[in-house]
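Can you build the whole structure from these sequences, using the hints too?
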Amino acid sequence: MQSIPELVQASTFIFSGTVLELQASVPIVTANELLITVRLDRSLRVDPVLGDMRGETIIVAVSSTEQFEVGQQAVFFANSAVHGRGIAVREVAHVDVGQADLVAAAVAQLPRRHLLNRLQDATVVVDATITKIDPPGFTFDQHDGLWAAAHMRIKATLKGTAPSPRVFYFATAEWPPFDRMPRFELRQAGIFILHVPPVDTPTHGGTLPGGSLVAIDASDFQESSESASIGRLLAALE
Amino acid sequence: MRVARIVNAVPNNHSNETNNDSEPNIAVNPSNPNQMAIMAFMSPDPGLTNGPIYYSTDRGENWSLLFDVPGNGSQDQTIGFASSSNELFMATLRADTSPITLNVDRSADPTSGVFPNIENPPRTKLDQPWVHAITVPSGPNAGKVCTYVGYGDQTSGYWATVDVCFDALAANPTFTKVKLNPRAAQRDGFHIRPKPHADGTVYVGYQSWQSTSGSNVTMNMVVARDDNWGNNSFGDLTDPSDSKAGRLVANVTIDESTALGGQRPDNGFDVQVDPTNSDIVYLCWIDNGGTGFRLHVRRSLDRGQSWSGDLITVDNAALATMAINSQGTVALTYLELVSGQWEAHFRTTTDGSTWDDLLLARTATSGFIGDYMRMVTVGPHFYGVFPAVNTPTAGNFFPNGGGTVRFQRNNNGTSLLGTDSTTIIASSIDPFFFKVEEKDVNFILNRNPIGQDEVDARRLQPHGSTGGLPIQDAFRVVVDGFTAAELGLTGPASTLTVTSSLSNTVMPITCTGNTSDTGNYGAEVQRFTFHYSIDFDPADQAFNFSGATSDVTLSCTAGPVPGSALLTLIKQPDPFMLHGDPSWLSIDLRFVVARQNQSMFGVSGITGAADAPRFIQELIGAITPAQFDALPSGEDDTKLYTQPNDEHGVPVFNFALAKVHYIGLIGANKVRVFFRLFQAQTTTSTYDYPPGAQYRRATSNPHGQPIPLAGILGPEYVTIPFFAAPRVDTISVAMDQQTDDPYNVQDITAHADGSEVDKIFGCWLDINQPFKPDGTTPNNVLPIFVPPAKDGPFDPNDPNPLFRPLPIGQAIQRALHQCLIAEVAFDPAPIPVGKDTSNWDKLAQRNIAWSDVNSAQAGTTFEIRPTAAALPPQQTPDELMIDWNNTPASGVATIYLPAVEAADLLTMADRLYPVHKLARFDEHTIRCTTSGITYVPIPPGNAVNYAGLLRVDVNASGHQGETFDVVVRQLTNAVGHQPPPPPPVPEIQGRTESAAQPASAVVDEIEWRRVIGAFQLSIPVKNRETLVLREERDLSVLRWIAKAIPNTSRWYEVFQRYLNLIGGRVSSFGGEPGTIEPSPTGDGVPTRKPHHEKGERSFTGKVADLIFDSFGDFIGFVLEMESGERRVFSREPEIERLAERAWRDRLRISVIVVEHDRLERVLIHKPPAPFAP
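Respectively, the protein sequence lines represent chains A and B. Heads up, the first sequence is in our numbering, so the first residue is 1 and it goes up one at a time. Heads up, the second sequence is in our numbering, so the first residue is 1 and it goes up one at a time.
Hints are computed from structural coordinates only; laboratory data are not their basis. Just so it is clear, CB atoms sit at the ideal spot from N, CA and C, and this is done for glycine as well. Wrong hints could be hidden among the right ones.
Here chain B is said to cover these stretches of chain A; the calculated rule only asks that three of the stretch's residues, wherever they fall, bring their Cβ under 8 Å from a Cβ of chain B [unchecked claim]:
1) 24-30
2) 63-76
3) 133-146
4) 174-185
Below, the structure is given as structure tokens:
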């Protein structure tokens, strides 16, 4: 059995709920005996796009219905399977509903854990202001990130050595996976968490010079007001 | 009718979503078009590694997101269903790898979440994969799924490449990498578009970059072809300039740095092949050739060897995609930037030059929307997806009308709303699914008009009885392009409501069920035929109108598609004949077969051929209407003889009688009836006088009366008239010298109370009289082909032998059974041109062929009218609707039409029907099974009718004694101009509807399908021993007829096959067709087989009594045997003499009888030796 933090990490649809039926069906999904109907009582980690799901019925594909009985309450760790006429999820695990608060706390830690990971993996962390942005040059590569160069005036270097020149790159391309990456503006000021692009992510070549530092995750920029907090996290990492 | 629909694919519970779901792609399962998938640039659920795919199981009305796509979303994505395996294939560039990695995923059930990559090891360093899957339909690899993934291979440069897999359903499929460009080039372009055809032809289009100058690229548009599923490395189409693979279609320049509406250039490249003809291939692209971004469409009709110029160009265009449906209609969809907004256009063409234009949407621009979109077809239907800003304002979609739109996500008509139905959600780019489906509702009016006379007559019969009310199968409604579920059909008893402009109490209409084309009610799109009866209230209110006729509008709605037709009610105060039920077997037109010396209804028997006119003339006056109604109508009593003598050597004579009704007070003088025989069974008996072709007549004969003449179509005689008066000698005088009064020109005196008066008319059908009454002089009546003197006299020594007169059999008869039509020629009420026996009550028809079977094939020749050559492309061609009725579904039928290419006919069928049962049998023959209803499109032709042969191979085992009735109807278009009441607006479930009803829903012109003619092939299942003798004699006569048919005749090939059919039947019945000689009398039959093989029985004894009827005529004798007595019947004078002598002399005889105790032979044994004195 995985720990609750591990389950939280492995699941994107986490909720506490009450089993309503041990058989269920959802439009478009081929009916099978491993589908149960659960009323969502408390959203613990649910895609915000779905809104407030309290009271909604969720179809859960479980590994065995023998573990459940109608009326049973539990915290379900699951991943989305179907969003449409109804919501169906695939169960990763479930725990007693009494652990819901523990799960909620673990979920609440996810942003911090993620930020911690970003800080840990970062090459350079600076408190800086963007003074100039160079738009990307032309490329025939239709999968290029169209990397823009952001010139910085660095107020403080919180981790690593400030790059020279004081430039990092961010993607401006509107296609995946770059469309989910952070954009930056002139005179934007804050904490920039800069990385050497990992080799297994599609941030290759094209308009991105080799050895460049990039900001590619939404957490890679933090407001200046978080400076102290970032400092503590960095200290903790050391 | 074209039905267009747009559905925003984002599910309702994603109403908060603000992603830019651009670059959409679509797949529709051909085996089950309810299943559809859409992919686009979409983010996975936060934290989830599987990206989403849109999925619908109800033909695009509702969409869900399945989180199935490995790779944390994708950087490029295309999808495709195989033709028949239900497998969905995806080609995606994973969003979580570097270098970029291709996944080719396969799933039989995308909802299962199992979507394994089947191309291992995965390809890397590539761009824009484009997948196509196709199931091999036939041959050694039938059933295997071939997949083609086109992509730009970047492992060494950038080269157009196709990964070919010949068995994508294998556990570990093998993919073969084929580099396309054999020429020196800088690199290739982004778009590699493979497009396979079901015949194994695979086209692939790509761009070959020749040079670059800055961001300007000069490139060739190239089309390559492989004629064997990809086995030939796409080398089967070469360019004449260098003989290298790949035809260079155009050389263009594209500035890759420019933008249009925020959209980068160089998109909208596509290749499509016509599914009905792999020779026809289309190519489109967008370049900088125009004022902005110019879309070009070109076409090749010769497998890519030569190309047209631009068929259409559109400036400021993006994301063009094409698809060609099963009817060969080409659809082009693209975005066009107009006044700062994107317009999504759907345009189609059937000829490449005329393009209609349906504006799907007009929406704001919003930066990058992808490098492609896609459209596919299933049967005649188009399905596609385009990216657009999702502001839900009604005017954004179908701004010019022509379709309906549905948003699944919450909105208030102007803004998107969140899942709480309150929060305003910012607009973004969504995939918009669209479908343009061809759905049709057509009426087939079997009975039109319906006369008050007929209704009154039917009312005299018990309600519900045959011949009574309601009128069964009065009309049909054919609904095409739907699934059973869409119409709410669960089985043959499911109905579709039809209303009329009369109330349902005045004229009740009842749907009696339906017939499914495929025989089942599954998910496939198909055609359903609904059947209806019409009743009338006892008060006859339906006929409570002031004029002579009144049109009633029949209406129904299938899904969103309305259909209407006009049914005419007539008050017919004129002489008329009833069609009967069915119309091709009129109850007022009968055949009578009389043997020599056989008296009927007090009319003494015929003494010889010269006496036959006297017989029919007297019979006309003698038979009462009640006796007429009681005339038998079965095969044995009404099957006309083609030989002058029956099987027992007795002269036999064919006659026709017609009963004409009159209801009125004034009376009718000079009511004439013309009898005409057609060459074979026919669906083309449309009335055409004046001027007259099949229904020619002379305006005045020597008695001052109109008289029918032989009908002429093209170079040949196609009908021949018959009379009660002796036929004039057409060698001596012209046919217009014929008289036929007073027998078929009668005055009808009205009853004082206006009640019905019936009169009988008749004629001698002297088709079986090859000789004059002297028995030796040929009875030459008519040539086969028309000489300058069309109506004679005909010269037996004409230098052109085809102009010499022949006996009627050789001149006209092209089947054992022909169509006889009686025409009431009553001057005050002429028959309108264009009417036929099914819709006008002064025309009556008997159009039935009997083809007995045991183990043999049944069959008959026939003729049908070609579809009009100049039929507008949007109009449905004529069709045969073959109703197999009770024929076993395991049977197989073939239809031979030598003037028609089977391939052309099947191409038409592919275009017309989502599914059909037709297949090629040989070059001019198609094959189908004998279940339900079969529709056969009729190719266009000139004015000459198509001659054909219908063969039905019935599995008759276990059906002894049954009769299978096959009815063949010809359908054509009919038009009326009375506006129908507006159909109800269809209610389609959805949270938000902007229902801009198609303009075509309000019509001035009503179109429907009507039956122009029909014939019936009845197939009784009998003991073969009873069949052989007559079949042999028929074959003998047919071989004699065949000797006269020149090989230039449209009947020649048909008749040769007909002879083969009849010969096969003879053989099947136990005869020896090879020994049968041509004979005008059918006497070319050799010595019979051994008796026991014919089912003969022998009885030996002495004649105890002679039997005479009430007129004193000999009818048989009583044979006294040791086992008892047996009555033996015969009217033959020779038998009478023999029996009398045997009775008188106490001779011992043996009587041999066959089936039905029919006397076959009499053996006289040696008289007993006298006792010794």
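To see whether the hints hold, each was checked on the structure:
Using a Cβ-Cβ cut-off of 8 Å, 4 residues of the stretch 24-30 of chain A lie near chain B, which meets the minimum of three, so the contact claim holds. Residue count for the stretch 63-76 of chain A with a Cβ under 8 Å from a Cβ of chain B: 0. That is fewer than the three needed, and the coverage hint is violated. Residues of the stretch 133-146 of chain A lying with their CB closer than 8 Å to a CB of chain B number 4, which satisfies the three-residue condition for coverage. Residues of the stretch 174-185 of chain A lying with their CB closer than 8 Å to a CB of chain B number 6, which satisfies the three-residue condition for coverage.
Of the numbered hints stated above, the single one contradicted by the structure is hint 2.
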